[in-house]
Amino acid sequence: MIPSSFEYVAPTSVEDALAALAEAGDEGKVLAGGQSLLPVLRMRLNAPEKVIDLGRVEGLRGIREDGDTIVIGAMTTHDEVANSELVKEHAALLAKATAEVADPQIRHRGTLGGAIVHADPAGDLGAPVLALDAEMVIAGPGGERTVAAKDFFTDLFETAVGDGELLTAIRIPKHTGWGAHYEKFVRVAHQWSIVGVAATVKADGGTISEAKIGLTNMGSTPLRAASVEAALAGKSASDVADACSSAADGTNPPSDLNGDADYRRHLATVLTSRAVAAAAAG
Amino acid sequence: MTTRSIGHSVQRREDPRLVTGNGRYLDDLGRDALAAAFVRSPHAHATITGIDITDAWEVDGVEAIYTFEDLDELMARPLPVLIPHPALTHPRTCLALADTEVNHVGEPVVMVVARDRYVAEDAAARIVVSYETKPVVVGVAAAREAALAVHDDVPDNVAAHLIQEVGDVDAALACSPHRLTIPLTIERSACMPMEGKGVYAVWDRDDASMRMWSSTQTSTGVRAAVAARLGIPLARIQCMAPDVGGGFGVKINHPWPEELLVPWAARALGRPVKWAEDRREHFVSSAHERQQLQEVEVGFDDDGRILALDVKVWHDNGAYTPYGIIVPIITATQLLGPYKPGTYRCEFWSLYTNTVIVTPYRGAGRPQGVFAMERTMDAIAAFLGKDRTEVRSTNFILPQDMPYDHGLMFQDGRPLKYDSGDFPASLAKLKALVGWDDFAAYREQAEAEGRKVGLGIGCYVEGTGVGPYEGGHVHVETSGQVFVATGLTSQGQGHETAFAQIVADELGVRFEDVHVTTGDTRRMPYAVGTFASRAAVMSGNAVAAAAKVVREKALRIAADALEANPDDLEIEDGVISVKGAPDTQISLSTVAVLSNPLRYAFDDAAKAATQFAGTFDPDKPPVAEGDEPGLEGKGFYSPTQATFANGMHAAIVETDPVTAEIRILRYCVVHDCGVMINPLIVEGQVHGGVAQGVGGALYERMAYDESGQLLNASFMDFLVPYASEVPFIETDHLETPSPLNPLGIKGAGEAGTIPVSAVLASAIEDAEGFPILSMPISPSELWELRRQRASAAAHSATTEGDR
Ligand SMILES: Cc1cc2nc3c(=O)[nH]c(=O)nc-3n(C[C@H](O)[C@H](O)[C@H](O)COP(=O)(O)OP(=O)(O)OC[C@H]3O[C@@H](n4cnc5c(N)ncnc54)[C@H](O)[C@@H]3O)c2cc1C
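Protein chains in written order, with numbering that gives the first Met the number 0: chain A, 0 to 281; chain B, 0 to 802.
Just to be clear, a hint being listed does not mean it is correct.
[Said to hold, decoys possible] Straight-line distance between alpha carbons at most 20 Å, and here's what the computed SDA-like set of lysine to any residue pairs gives: (1) B:Lys451 with A:Arg273; (2) B:Lys416 with B:Pro741; (3) B:Lys311 with B:Ala86; (4) B:Lys339 with B:Pro423; (5) A:Lys49 with B:Tyr117; (6) B:Lys428 with B:Tyr117.
[Unchecked claim] Where chain B lies over chain A, by a calculated footprint (3+ residues, C-beta under 8 Å): (7) 158-165; (8) 212-225; (9) 263-269.
It should be emphasised that the hints constitute simulated quantities derived from the structure, not laboratory data.
Remember, it's a predicted structure, so these values are computed and weren't measured experimentally.
For each residue, glycine too, the CB sits at the ideal point set by N, CA and C.
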């Protein structure tokens with residue numbers, strides 16, 4: 000469990016990082032918090048010749064407001080996201096989901112960008128980012144482009160970030176005043192999600208006017224529970240179970256040691272109604 | 000006045016070192032040693048058709064590459080069958096490096112030695128081994144079916160078959176008023192110490208001698224095995240166990256292939272060599288335990304008294320049997336727990352599979368046995384509509400039955416004879432602790448809130464402190480400091496503390512002045528090892544015996560010096576004085592000086608022992624005939640049989656009616672390990688044991704696929720409980736001293752683990768209202784069981800309706 004040898008570079012600007020990446024071609028790999036990449040390297044599932052550490056790149060870390068949007072740098076750690084007043088106020092769902100990732104040590108190292116690009120279907124951050132209709136800012140040799148979350152996650156561990164590109168920021172439209180809850184189902188506390196449900200709702204006087212729901216680990220990518228969202232509109236916040244019963248429709252969850260697909264479908268409906276009820280409550 | 004140290008919750012003196020990162024584990028040693036890495040079989044069953052190492056030599060820093068071909072005659076032999084048994088008719092062990100066949104994923108095939116581990120792994124990655132794969136046998140059911148064989152010359156996969164019977168079971172079954180048959184399953188798990196195995200060896204070419212360190216539970220065993228395979232006299236090899244980051248059984252098996260290969264390579268290369276196992280290696284090339292299929296047939300009367308108990312066990316022993324059949328023997332014997340069935344028969348088959356070998360894991364076959372017995376008790380209670388504790392009480396061995404001989408042979412080849420215990424008293428304590436009789440009201444209240452709760456119980460008896468022996472050596476230096484050595488090793492149990500407490504009391508010195516070394520063959524070459532909850536019983540009594548020898552000698556020398564009668568002397572805080580005349584005294588350090596007549600004075604204290612000091616009687620030889628210089632002594636403890644600790648656990652669980660999550664609300668333990676040397680340490684052992692038991696009951700399993708690949712060979716996929724999953728543990732103790740040893744101790748190391756699967760199965764069953772016959776259990780599985788029951792119920796409702 001030792002990586003094969005590689006060259007290590009630590010550029011200080013996005014341009015230099017892109018140049019290093021271009022030069023390395025197929026043999027380059029970007030390092031963010033290393034919480035997913037290092038295990039991969041140690042198990043020799045991947046053996047890049049060059050590792051490009053983004054840790055010293057200016058401007059990739061931090062959270063700021065930009066009009067109706069919250070902009071989170073790709074290298075912002077989970078701990079910073081979870082504890083950010085801006086995120087808590089305007090994208091509470093992401094703050095809550097991030098607080099459920101792994102354990103404090105990992106949250107101090109792992110980054111939002113790394114988690115999003117890694118795109119593990121059991122990872123907790125794809126679903127809230129998708130539910131919040133975020134946009135991903137991608138820098139490449141040809142400049143910058145923006146991809147909507149719904150187009151970003153393409154498959155198991157696959158995203159719209161192409162070879163030679165970097166994710167630089169995540170832009171989240173403000174959901175100020177929306178209730179939010181992330182319901183994560185695990186067997187041991189630090190585990191990846193067996194199923195997770197990210198729900199954020201706008202409720203006026205006990206009636207839900209709008210709901211957005213993302214599902215974790217119910218398919219090869221994070222999913223939106225669109226039919227539940229539609230069914231919830233106009234529903235009383237105290238009576239959501241029926242509307243949530245279709246949460247597993249159109250999903251394709253895996254079967255593994257933590258549960259088979261049927262159990263996951265069952266969980267998805269249960270957790271969705273729990274998540275929505277909690278989100279509506281605050 | 001010295002207060003006795005035994006019985007006090009003295010803080011563990013090893014903890015400051017261990018919790019501040021100052022432990023000295025195997026991988027902390029030998030910084031400049033060459034590193035070994037292994038190419039291991041990626042197949043569960045295959046013939047090796049070729050090994051190409053040419054590419055690996057290209058890597059800069061490679062020092063040696065070894066395959067089976069390179070091994071000399073002694074090293075090329077199969078590894079020893081450590082514990083032969085007449086019923087083990089087809090023992091098989093692996094080779095240090097595989098020759099023509101591999102029988103599980105992870106079996107070592109090639110050894111690479113290089114400048115460092117990075118280079119060694121780079122080179123190992125370039126070695127190409129060609130295989131022709133063979134069909135595999137995975138799981139005990141497939142092994143039993145024997146459509147395929149693991150070893151060609153063992154076509155039925157049966158390594159051992161053993162029947163033990165007491166009384167006429169068939170006759171008793173035939174005339175039992177009630178009979179039940181219960182099929183049970185237990186999954187594979189593993190010890191999973193935080194520190195994997197590791198070996199470091201230094202060969203001194205000029206001296207033709209070896210010093211080696213192993214992360215082992217038996218340094219004397221490793222030393223003997225390496226001496227035998229390397230052809231080195233024992234006098235030329237020493238083995239030390241440094242701080243060991245957990246063993247839980249896996250490190251008692253020896254010699255591991257690496258334990259032979261590393262010193263062998265160190266000698267061949269004339270350079271220190273080290274290997275530290277990584278986690279993936281630990282998963283696929285150490286040992287597992289626990290998998291069994293069981294079938295219980297029980298006959299009983301209206302009171303629930305067991306008239307006949309007939310148990311069949313199919314035990315998965317993995318690919319090889321280096322540790323013999325200790326695990327299934329323990330299952331078969333310790334299954335009986337605190338009960339005395341009218342007649343008993345246990346028949347087991349120990350079966351080969353193409354998976355990692357099975358050797359004892361904390362509890363060592365007992366969790367499976369207790370599972371069988373306790374599930375049976377619950378089944379009888381359910382059948383008769385009786386309280387579960389009442390059925391147990393009916394079957395208890397009573398205090399007046401002690402010593403109680405079951406008429407069976409235990410794992411040490413000696414009679415299974417309980418020495419002590421008061422099971423009714425333990426049960427009474429447990430019922431009080433958990434509030435057994437108030438549970439019905441609690442359940443009613445929970446049900447009213449829409450919650451599902453259940454109460455479970457499990458009882459066990461554990462044979463601890465098996466022989467053959469352990470030794471202790473106590474040496475009082477002229478500083479007055481006392482150095483104690485015992486040969487068995489420590490893996491974090493607190494031996495440095497507990498043994499110091501014993502010696503402090505026996506010798507009459509301050510606890511702070513006693514220093515303990517374990518597992519170092521230089522200090523105590525006679526030892527067996529740390530397993531079977533035996534350290535406190537065996538080494539505890541051995542160091543006590545050694546301390547007594549030293550005390551007598553000290554009193555004799557002091558009596559001479561003080562011109563007093565030894566019987567009139569006492570030792571307190573390291574000072575010997577005449578009882579009633581405390582001013583007539585001499586310190587133990589002075590006695591130590593006097594015990595060793597000197598020619599040369601190397602310090603002020605030594606002056607007193609030199610030949611012109613006038614201290615010694617000129618008419619006597621400086622060292623009396625039959626005496627030895629030095630204030631030191633040895634003692635050994637070798638009991639005729641094991642001593643039997645026991646305990647009872649109860650748990651309250653809550654199962655989520657919707658998601659089937661299983662939560663432990665309360666966990667209560669009543670434990671009897673006789674006299675407690677250090678209650679804090681005992682408590683810690685119980686806590687750790689319960690934590691491991693919870694792992695076995697709710698989380699851990701080895702998920703092999705049909706091709707023999709271990710799917711969850713990492714901590715990402717193999718779940719273990721963390722502090723967040725381990726319940727708060729409530730304990731109460733009963734101390735029925737063992738009459739078998741002077742200190743009255745029984746073992747405590749494994750106790751916490753043993754009944755947990757049985758207890759939680761009992762509690763989940765109580766919450767759910769249907770039998771739980773297989774452990775571990777996950778929420779997903781519990782949900783599936785509910786679904787099956789619901790659809791079966793719906794089905795029978797429709798067929799009813801059709802009628
Ligand atoms: C024990 C453990 C438990 C965990 N539990 C959870 C959990 O419960 N929930 C959860 O969601 N996650 C969990 N994680 C994962 C954790 O959140 C990681 O931090 C995250 O998946 C990856 O983030 P990172 O910054 O460490 O990325 P890295 O590991 O450095 O990189 C991950 C991948 O993304 C690429 N990459 C990283 N940043 C960029 C970028 N800006 N542009 C392009 N490519 C990039 C890398 O090349 C690599 O392929 C756990 C991890 C561990 C070790």
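Okay, the hints, checked on the actual structure:
no. : hint                   : in the structure
1   : B:Lys451 with A:Arg273 : 19 Å, holds
2   : B:Lys416 with B:Pro741 : 18 Å, holds
3   : B:Lys311 with B:Ala86  : 16 Å, holds
4   : B:Lys339 with B:Pro423 : 13 Å, holds
5   : A:Lys49 with B:Tyr117  : 17 Å, holds
6   : B:Lys428 with B:Tyr117 : 56 Å, violated
7   : 158-165                : violated (count 0)
8   : 212-225                : violated (count 0)
9   : 263-269                : holds (count 3)
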